[in-house]
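Asker: Listed here are the chains, written in short residue letters.
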Amino acid sequence: MQFPTAVDPQWIASFINAELIGATGHQATGINEIHKVTPGDISFVDHEKYYDTCLRSAATFIIINKKVDCPDGKTLFVCEDPFSAYVKLVKHFRPFVPSDKMVSDSALIGEDTVIMPGAFIGHHVTIGRNCLIHPNVTIYDHTEIGDNVIIHAGTVLGADAFYFKRRKERASQYDKLESCGRVIIHDDVEIGAGCTIDKGVSGDTVIGRGTKLDNQVHIGHGTVIGSNCLFAAQVGIAGKARIEDEVILWGQVGVNKDLTIGRGAVVYAQSGVPSSLEGGKVYFGSPVDEARTKMKELAASKMLPEIWKRINS
Amino acid sequence: MQFPTAVDPQWIASFINAELIGATGHQATGINEIHKVTPGDISFVDHEKYYDTCLRSAATFIIINKKVDCPDGKTLFVCEDPFSAYVKLVKHFRPFVPSDKMVSDSALIGEDTVIMPGAFIGHHVTIGRNCLIHPNVTIYDHTEIGDNVIIHAGTVLGADAFYFKRRKERASQYDKLESCGRVIIHDDVEIGAGCTIDKGVSGDTVIGRGTKLDNQVHIGHGTVIGSNCLFAAQVGIAGKARIEDEVILWGQVGVNKDLTIGRGAVVYAQSGVPSSLEGGKVYFGSPVDEARTKMKELAASKMLPEIWKRINS
Amino acid sequence: MQFPTAVDPQWIASFINAELIGATGHQATGINEIHKVTPGDISFVDHEKYYDTCLRSAATFIIINKKVDCPDGKTLFVCEDPFSAYVKLVKHFRPFVPSDKMVSDSALIGEDTVIMPGAFIGHHVTIGRNCLIHPNVTIYDHTEIGDNVIIHAGTVLGADAFYFKRRKERASQYDKLESCGRVIIHDDVEIGAGCTIDKGVSGDTVIGRGTKLDNQVHIGHGTVIGSNCLFAAQVGIAGKARIEDEVILWGQVGVNKDLTIGRGAVVYAQSGVPSSLEGGKVYFGSPVDEARTKMKELAASKMLPEIWKRINS
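Protein chains in written order, with the working numbering: chain L, 102 to 414; chain G, 102 to 414; chain W, 102 to 414.
One chain only, chain L, in its complex shape (with noise of 0.2 Å):
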């Protein structure tokens, strides 16, 4: 997310109750994930494993949990707990407001637009012309959607990650990352009835032009799909997951978080995606093979209890 005006780090240090190391001269003007920083941005990094990603990210200001040497040009946030500190200004810059009334007198609503009776529309969303958003569609705040849109009823727009880090001492053992991200759709996309989009944790989740999702998809937390897509009904697509354009998944797919689908990739029904596909092929199972190599593997397997039988004879 980005911050509505710049903010100076001594306040930020103060706020989180850490120590300032590096330069102060800058301001700061997001918060994003490692992987999508920018400058300005600060991110945190609570695992030595990680020290290194994070200070050579292109990330201005690092919360971190050791006193390590500061990068030029760089700021770090030295506390315990770099993840609360992080969740503390997430929650201090993207409040949860909750809302009386089904329309948010904040949001944006285009011209031909039609909001369906039960619809929920959270703050500052903005929605395009000639779109149709029908009942019982929840829209979390900060949500944006282009021109020609349709939704169907049921769908749920921009709940929260499912991110949470384990701290195995509390009763309570997960502690959850507030998100701050959005759920971008572009122009001419349709989502089915039932589905579910998550916000990204701080970066966006987006649905590219044209892209038609049938019922009861669900898309994980920062995932990016381009155009084009075709999704049909019960896929689930973890979080950060790259799905180029023109990619077909069938019915029930799986798609695993952190990884890409190239474009035009074909996903026969009820597969299981655990990395990365290339692109303009045709995959089936779980986990996935290319197609034919799949199928030539289960007509093989139609034989096994005659290989077994003529393997002990």
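Source of the hints: derived by calculation from the structure; they are not laboratory data. Glycine is no exception: its CB is placed at the ideal position from the N, C-alpha and C atoms. Misleading hints may appear alongside valid ones.
Far from chain W, by Cβ distances over 10 Å, these chain L residues were calculated [as the list claims (entries may be wrong)]: (1) GLY123; (2) GLN128; (3) GLY247.
Cut-off 27 Å, straight-line C-alpha distance, at most; resulting in silico cross-link-like pairs (DSSO-like, lysine-lysine) [unchecked claim]: (4) L:LYS403 / G:LYS397; (5) L:LYS410 / W:LYS382; (6) L:LYS202 / G:LYS202; (7) G:LYS202 / L:LYS382; (8) G:LYS397 / W:LYS150; (9) L:LYS277 / W:LYS410; (10) L:LYS397 / G:LYS266; (11) L:LYS358 / W:LYS382; (12) G:LYS410 / W:LYS403; (13) W:LYS403 / L:LYS269; (14) L:LYS358 / W:LYS410; (15) W:LYS397 / L:LYS167; (16) L:LYS397 / L:LYS382.
Since the structure of chain L is already known, use the hints to place chains G and W on it.
Answerer: Positioned in the frame of chain L, the structure of chains G and W alone reads:
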């Protein structure tokens, strides 16, 4: 769908900007898909390979993108883009009409039926006697529900068919086939929470008498389900499938489009059904096989590492 | 369920039109399933093969379809159709009461808890402090929710158990077992968007402290989930399963009914769990095996076409 009153073919030709060829004496009475057409219906065809099927079908009126010989007693509407002409007709005869209240004034609700708060009931919906519609259910326009039907919270009946024509030359490649079919729920059906049942493209999606659906079940457009079926949670069925009476699908089963599952078939959990299944049998696997066969294959597959070792020794 | 006040067995016999055999001195205090009964409870049995289990259970009152020897200190209600008698009692003591507002006057909502617009809160629901109930959530009657609980949009708590008795002789064959159990959500639980958690048939469905559910998770009736579990999106768990503490289920995992998953077990995405799993281990596959074993099997299965060729050469 059936038109409220018969429509003159000359008006249609002019409305969709088509050349009329053939008979002009009869009136059009409805719109239907090629596999469902009856005399009086309008259908469309835009691929040469389906010309024959369409011209020989019961459809009286055919929107087609080539001047062909017109069969006796039929009428052709020749135009460049039959798909768009068809969509124009659907939009004209079944226009989307926004609602400004949760229960439309045109809905017919039977005696002793309870509509809970937050449930949306669209225009021209009919619901029989002694039904219970739980909170936050959405029932789109024209849905028909029998007596003693229970629909649990968050379920959506009648969202649009997931049916698009690809137009590679456009920026947004998927052109939507507007659906004008309905969802028909017979007596004594119970539908769990968070289910989605799409309307048919031009025919009806049907759930037969006494069938029970658990939560988060998805039923695609135009699928016809018999009586006394039992579908466990998270089952997904694609469009235009035919599920006969007394079929049992366990949890997370996926069923392909355009197939038939015979009477009394049982499909175990997480199975995938790519093509038609004979009734009265038990199935398992993705893709499914008869359960006994699949169980033997699974048992033998545990021997695979041993087989591989022996074959290489 | 427990009755609000103790009930005289003579009244029950008359209400369900049964013959009372055995002790008459004690009062009935509740209704329960056979695997959950405690003294004072009423249970029912209608299959000879379960007679023994039921008669030896802790249930004080047993509705049964045959005159059998009545164990000391117990009371039998003998009638033709114990299932229907039981359902009649449930409907009497836990009748469905329609609501005319989104938040029932009888609901108890703790301090600092936010109920967002469009959320439905049924009769006799209790929600603790500092909870956040997002828009278009549905919470059925009698649900109990602890402190610091977050429930995302569109989620449904407390829909009816999916539990039917087949009556082949009827036109509508499935006779519904009315459920009178509850959903109990402990402190610090977070439930994603579009989840469905059913009430127990007569006992409770429980989500333990600190457990986190991603979107579109389904939990069946009477399933008891421990503390600090993590279930990823689209997981489905059937009825009366027991999931111990700190279990992790990845996306689209399916879990059968009436089993136990031991403490700390991890089940990889898309796996199917047909029977109990020991704790502390990692599992994969449909049906599951230990992940290491399954991985070896999957590696060997890639060799299958080669194996088949060699065995035939």
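Asker: All the hints need checking, so say for each whether the structure fits it.
Answerer: Okay, the hints, checked on the actual structure:
no.	hint	in the structure
1	GLY123	holds, 36 Å
2	GLN128	holds, 32 Å
3	GLY247	holds, 21 Å
4	L:LYS403 / G:LYS397	holds, 9 Å
5	L:LYS410 / W:LYS382	violated, 32 Å
6	L:LYS202 / G:LYS202	holds, 15 Å
7	G:LYS202 / L:LYS382	violated, 48 Å
8	G:LYS397 / W:LYS150	violated, 30 Å
9	L:LYS277 / W:LYS410	violated, 53 Å
10	L:LYS397 / G:LYS266	violated, 31 Å
11	L:LYS358 / W:LYS382	holds, 22 Å
12	G:LYS410 / W:LYS403	holds, 14 Å
13	W:LYS403 / L:LYS269	violated, 39 Å
14	L:LYS358 / W:LYS410	violated, 37 Å
15	W:LYS397 / L:LYS167	violated, 42 Å
16	L:LYS397 / L:LYS382	holds, 16 Å
Hints 5, 7, 8, 9, 10, 13, 14 and 15 from the earlier list are contradicted by this structure; the remaining hints agree with it.
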